[in-house]
Structure formats: structure tokens, C-alpha cells
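K.L.:
Construct the entire structure; sequences and hints are all you get.
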Amino acid sequence: MATKLPKPDELAKIDFTPPETGWMDTPVEIKPGMFCWGAKAKNLRAVEFPNARDWSPAEEDWKLPGEWEGTVLEAMADRLSKYRSFKLFMDICVRCGACADKCHFFIGSGDPKNMPVLRAELMRSVYRKYFTTPGKVLGKLAGARELTYDVLKEWWYYFYQCTECRRCSVFCPYGIDTAEITMMGREFTNLLGLNTDWIAGPVANCYMKGNHLGLEPHTIKSSIEFFLDDIETVTGIKIEPTFNRKGAEILFVTPSGDLFADPGTYTAMGYLMLFHELGLDYTWSTYASEGGNFGYFTSNEMAKRLNSKIYAEAKRLGVKWIIGGECGHMWRVLNQYMDTWNGPADFLEVPKSPITGTVFENAKSTKMVHITEFTADLIKNGKLKLDPSRNDHLKVTYHDSCNTARGMGLLEEPRYVIKSVCNNFYEMPENTIREQTFCCGSGTGLNASENMDLRMKGGFPRANAVKYVRDKHGVNMLANICAIDRATLKASMEYWVPDVTVCGTHELVANALVMKGEKERTQDLRLETLPGKEGN
Amino acid sequence: MNLKDVLSEKRSAILKRWFDVIVETYPADTAVFLKNQKDRFANPVGATISQGIENIFDELLQGGDIGRVSPFLDNIVRIRAVQDFTPSGALTFIFNLKKVIREELESEADKTPILKDLTALESRIDDLALLSFNIYMQCREKLYDIRANEVKSRTFRLLQRANLICDIEDQEQEPDSEDNKLINIKRKEAAQ
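Read top to bottom, the protein sequences are chains A and B. Numbering-wise (the numbering used here), the first sequence opens with residue -13 and increments by one. Numbering-wise (the numbering used here), the second sequence opens with residue 6 and increments by one.
It should be emphasised that the hints constitute simulated quantities derived from the structure, not laboratory data. Warning: the hint list may mix true and false statements.
Unchecked claim - Listed next, with one range per pair, are the computed distances between beta-carbon atoms:
no. : chain 1 : residue 1 : chain 2 : residue 2 : range
1   : A       : Glu413    : B       : Asn60     : 23 to 33 Å
2   : A       : Pro484    : B       : Thr91     : 34 to 44 Å
3   : B       : Val156    : A       : Asp373    : 33 to 43 Å
4   : A       : Glu45     : B       : Lys103    : 35 to 45 Å
5   : B       : Glu59     : A       : Asn367    : 46 to 56 Å
6   : A       : Thr342    : B       : Glu59     : 51 to 61 Å
7   : B       : Asn139    : A       : Gly56     : 28 to 38 Å
8   : B       : Gly68     : A       : Ile16     : 40 to 50 Å
9   : A       : Glu132    : B       : Glu111    : 44 to 54 Å
10  : B       : Glu111    : A       : Lys126    : 53 to 63 Å
As the list claims (entries may be wrong) - Calculated cross-link-like contacts (lysine-lysine; reagent style BS3-like; alpha-carbon spacing at most 27 Å):
no. : chain 1 : residue 1 : chain 2 : residue 2
11  : B       : Lys157    : A       : Lys17
12  : A       : Lys28     : B       : Lys157
13  : A       : Lys405    : A       : Lys306
Source: prediction; values computed, not measured. Where a beta carbon is used, it is the ideal one built from N, C-alpha and C, also for glycine.
P.N.:
In C-alpha cells form, the structure reads like this:
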């Protein structure tokens, strides 16, 4: 991590005593390994975000626009009047501390400013100063402080050390959603051009090309064709999916991470095999080619703009409903915000499985069904021929993605699917799964490489629970239903629990799926030889 | 009484004091949490330190191969290697043990019989520190490896798709197998 080499006299200063000053008087130190690089001007301009410029968080001078304080305070006043939740969350916290030790970043880093209550206090203190009478009059005595350059830097540093996972909210007696405070923090910094490039790049790409990486239609098509070759090698079956096909019954949208990053690619192969086996009338889109929504990590408006593309494409193609792939925040966006932004999607039909006839009432308004709901229903109705023994070399545990677990209550379906396709399944301890699940440590656009120290700290509570089931049951596979999990838990396991591999749930499904006309399976989707098939 | 007996007797006092000294390297609010939350999944850092120092201390007293302590040291150092410590700050907890033991031995009336053993023990603690330094470096190097691997795995599929990668076939493994032929034909077609 690009650190400056300390001088000998600096190295000689050995003092391991933490500062004893109060949090307000302990200025922020922007540490390498803890932050992502600043947003590039070109990526902000592409989506007409204000104050676009190249800047570096490592420099003293962040090249702030003039009157930046006014911009932030005006925006704060605007959001306070627009969002009642924000106003309530600023006012009602009694600092009981129930959330304090629930954040994976606090648990892993030991930095008190990562306690959700204190992270929120970074903003509340400014709110009090400018928007409450006691704060205006009594200042620091009332927990108020001015918005200064240092305070702004502190906001930026810590609001990009929160993955908006909402674990803290589960424990708040008032139901304060600390994630929404982080969202506001990011909206305000975004107004000053202070975003990260790991977020701004994908947002610009998604807006212009339809997916985070900026893959153009022919690239998406050829990428999927590579998977088809591997599927043919493993199963002997030639699959021919369609792209941008008008009149298909179903549009399938998945995070683009599944198309280019292992092990997500194996999950994508799983979708292709499942849909082929069912003979599903569906199409991929090379335009709505991103389930993820990094706009959600910048501003409400941007999230809305990116979300609308999926529905515009569904309309253009004339599909009846949408299946969404294994993704995390895509589902929180869909489940909690889509309907207010762009819904109800009345031009679509209420999703009804053409295979089982099940009507997905829960998706009545958004018209979008999570693939594990779809697959669980297939299995429940006996529509899939499965051979779970093909996964017998795996001892699997399941990581609940924060957004699907806490953001939409999707707890049973993935477990039901995994238990149907694997014979060896072990849960992690109760206080680390389901609604209390620990974040992977790298969500909300924190999955860059330059902030690896931060990611490892944040990933530790999850990894610690994985380590426990590895030691106790010999678990060697960590399944999940989120593209960011698939990418980042891989790194986290490599550091904390090196002998545990990461996979998507539909990779396990496809390995167990007995397909019509398939040859004897001797390899799994990773082209690794299945145990007992070595001689073939 | 030899040193081993004295230290065995004072085991819980030494471990408590050592644990307290370690958690005091964290900010005050954090130290309270690390000490008080006893659930190992809610407080994995505190639990790992607490369990780790017990194991390290017991192995030290046993006096066997110093390498046996390595996994316990690894658990603690791996955490501190990514927390906000300088390298020396991350590893200072090993040296703290010497101070803790000496303070606990203050009350011993006659130190003469244990002094020789104490010197030997302190020298073993120094060995622990050296071992920790190796582990610390392995952890930091691992972080850089992970960073590099992430970039590689992100770009590999793209290079493959752009037909910029040509796998050299292993001549001993049937280069003309039906599967390989099929894959190569498809890849060429896809690249066109």
C-alpha cells in the first residue's frame, strides 16, 4: 500500500499508548490500506455528477470547490425535509450503545469510530450545530460541532468504512437504520466530487454500457459462449441461450461479476444449465447486463437511474417478468426501493413459474423473482432430477448475504436449495447467520484492492465463524448468493481460513443436476475431476 | 519450588495481567469491549487473544519445541498485522509477557532458585518474538499476494475473451482429445 518510507527518527518514536483525547478532539488520520482511490473526473462527468476533478485522498489538498460547506449544509437541509427517516435518525438516538459492538468493522479493527453509534455521531454532531437550537447555543456541550475540512475528511474516511450491511440496525431498540445515515454521508460527499473510483467507474460504465465493467454486447455474448464450451466438456450437452430476444417470457438479469470473475463464472454456468434443462423461454440482455447497482452507493437519484434500465429493457423486449441472479445489494434495491422509484411495473405480469405454476405473490409489484426462490420452488415440486452425491466431497456452509437476509428476508430458500443438492451441510453459529449475519467486509463498493487492510479487518468476524465450522466439521466450501461475496470472501478466506473455497449456490445446483442426454459426469464445473472418477 | 511450579501457581494471575496489557494497546472504549464481551463470535479478537495467550503460556511452561507455539501465535499476529499498529506495536505483546512475569514474581521472597530458569524462559520469549516477526511478515506478504491475485483473476477472463491468451497444451496429455478440439474450435469461433 503505497506508503511513504518513514525516516529513522520517526521510526524511533515508539509509543503504544492509544490517544486519550475524546473522539471530537482526535483528528482523523487517512491511513493507507484503509481507503479506495478518489473518483476520476471523467467517470463523474459521464453521469453529470458535480465537481468532477481528479483528486487523491492521500494528499493534504482534496481540491474542494469553493463554498463547499454551503453545498453540504443545503443538501442536508434538503434531505432532512425530504426524508422523514433521516430526520428521525438524526434526532432519536439515545446513545444506548446497543449497536456499538455489532459492526464487523469495529469488531475487526477496534477503531471506536467504527461503532455505528459513533459513526452516526460524526454526522449528528454537525446536524446539531446547524439544525437544532441546543446545538446552536451550547455547541460542544450539546454534542455539536462545526463542519470543518477535517470533519469532512473524517466523514469521508468513515462513511467509506461502512458497508451499509444493517447488522447494527437489528439491535437498535428504535430501529434506526444506520445504513441510511451512511447513504446520506455518501450523498453529501458525492456532491463535492468526493466519491471513490471503484464506485464511480462502475456507475459510469453501467450508465453508458449497461454493466460495471463496460462490456459491450458482443463481449458479453462471447463471454457466455466460453461458458457453453466448458459446459459441453463437462456434460456433453450443447446449450444455445438467446440474447436480446423480443417476445421471450422471462428476462434474466444477473451481476456482471458472474460473467468475468471466478468463481462467479461457475455460478453463471449453473444458471445456463438449469434454464436449459427446464427448456425455459427466457433471454439474456446485453443492455440490461448488470444486476448490481453501484449508483446506490452514490446517491438516491443515481440508483434510480440505473435501476430503471432493467425495466426499460423488460419493456423493450416485451417479456412477462424477470428472474434475477445471485446478487446482494441488487435485491435490497429491488425489494426496498425499486417500487418507490420506478414501480409498480404494471406493464409486466405477476411472475408465475411456467414449470410449476407457482405464482410469486411476493413479487407482485416488482415482477422480479430471486433465482433461489425460483429454484427452491422447482425442487419442492419435484421438477429437478438431482444427484447430491456429486457434491459429496464438499462440506458446505452458507453465508447469508446482508442484503438478501436483512434487506428482503430471504433465509430459507437458499438453505433448502443447498440441502437438496449437497449431503453435507453445516450451519455457522446462530449469532453469525440469518438476520444476524456478518458482512463479508467488502460490500457497498469497498471491494477494491487498495483497501485490503480494511477488507480483512471487516471480514474477520465472518471468517472467524467459518473457521469454527471448518475446525468442528471439516467445512471446505462457503456457499453464498451474492457476486460481491463470491469475489471478496475468496480473498478473506485466503487470508483467514486458507483451506475453504467459495462458490455460488447455483454452481452446486448445476453440479448435482442430472440433465437429459448428458454424458457420465467425471468433472465438476471447475473442470476438476470428481472423486471416484479419476480413472475415467 | 522451581520456576515452573511458581508460574503454574500464578498461571491465572499472569494470564489475566497479560491479557489486560494487550487490550490496553487498543483505545479505551475498545478495550472495555474486548474485556467484557465473552462470546467468541461476537468478540473474535478478544476471544482469539485470550485463548491464544493461554496456549502460548502453557506451551512455554512445557518447554518443548518452540515451533509448537506457532499456530497460536499466528492466530493473534494475523489479526494485529491488519489492525492499526506499526509492526513493533503489533508484536509488542510478546515482550509484555516478560514484564508481566517479573511483576508477578515480585512477591516471591527468595528469587535465587528461580533466577537461572527465568533467564532461560526470557530467552525463549525472545525466540517467540522472532517467530512472530516471521509470521507478521508472512501475513503482510499474503495481503500483497491477495491484491495481486485479485487483479489477475479479474483480468484473466478478459484476456481469454479477447483471445490474448493461448494455453500451451501439455504434450503428454492427448492434445488431440475430442474435448480439447471442441474447446479450441469454439474459442476460435467466439473470437471472430
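K.L.:
State for each hint whether it applies.
P.N.:
Quick rundown of the hints versus the structure:
1. A:Glu413 x B:Asn60: 23 to 33 Å: Given about 27 Å between the Cβ atoms, the range holds.
2. A:Pro484 x B:Thr91: 34 to 44 Å: About 26 Å separates the Cβ atoms of A:Pro484 and B:Thr91, which means 34 to 44 Å is violated.
3. B:Val156 x A:Asp373: 33 to 43 Å: Roughly 37 Å apart at Cβ, these two residues keep to the hinted range, so it holds.
4. A:Glu45 x B:Lys103: 35 to 45 Å: With a Cβ separation near 42 Å, A:Glu45 and B:Lys103 satisfy 35 to 45 Å, so the hint holds.
5. B:Glu59 x A:Asn367: 46 to 56 Å: holds (53 Å)
6. A:Thr342 x B:Glu59: 51 to 61 Å: holds (55 Å)
7. B:Asn139 x A:Gly56: 28 to 38 Å: About 54 Å separates the Cβ atoms of B:Asn139 and A:Gly56, which means 28 to 38 Å is violated.
8. B:Gly68 x A:Ile16: 40 to 50 Å: Distance hint for B:Gly68, A:Ile16 holds at roughly 46 Å.
9. A:Glu132 x B:Glu111: 44 to 54 Å: holds (51 Å)
10. B:Glu111 x A:Lys126: 53 to 63 Å: violated (44 Å)
11. B:Lys157 x A:Lys17: Answer holds: B:Lys157 to A:Lys17 is near 25 Å, not above 27 Å.
12. A:Lys28 x B:Lys157: holds (25 Å)
13. A:Lys405 x A:Lys306: The given pair, whose Cα atoms are some 31 Å apart, is violated under the 27 Å limit.
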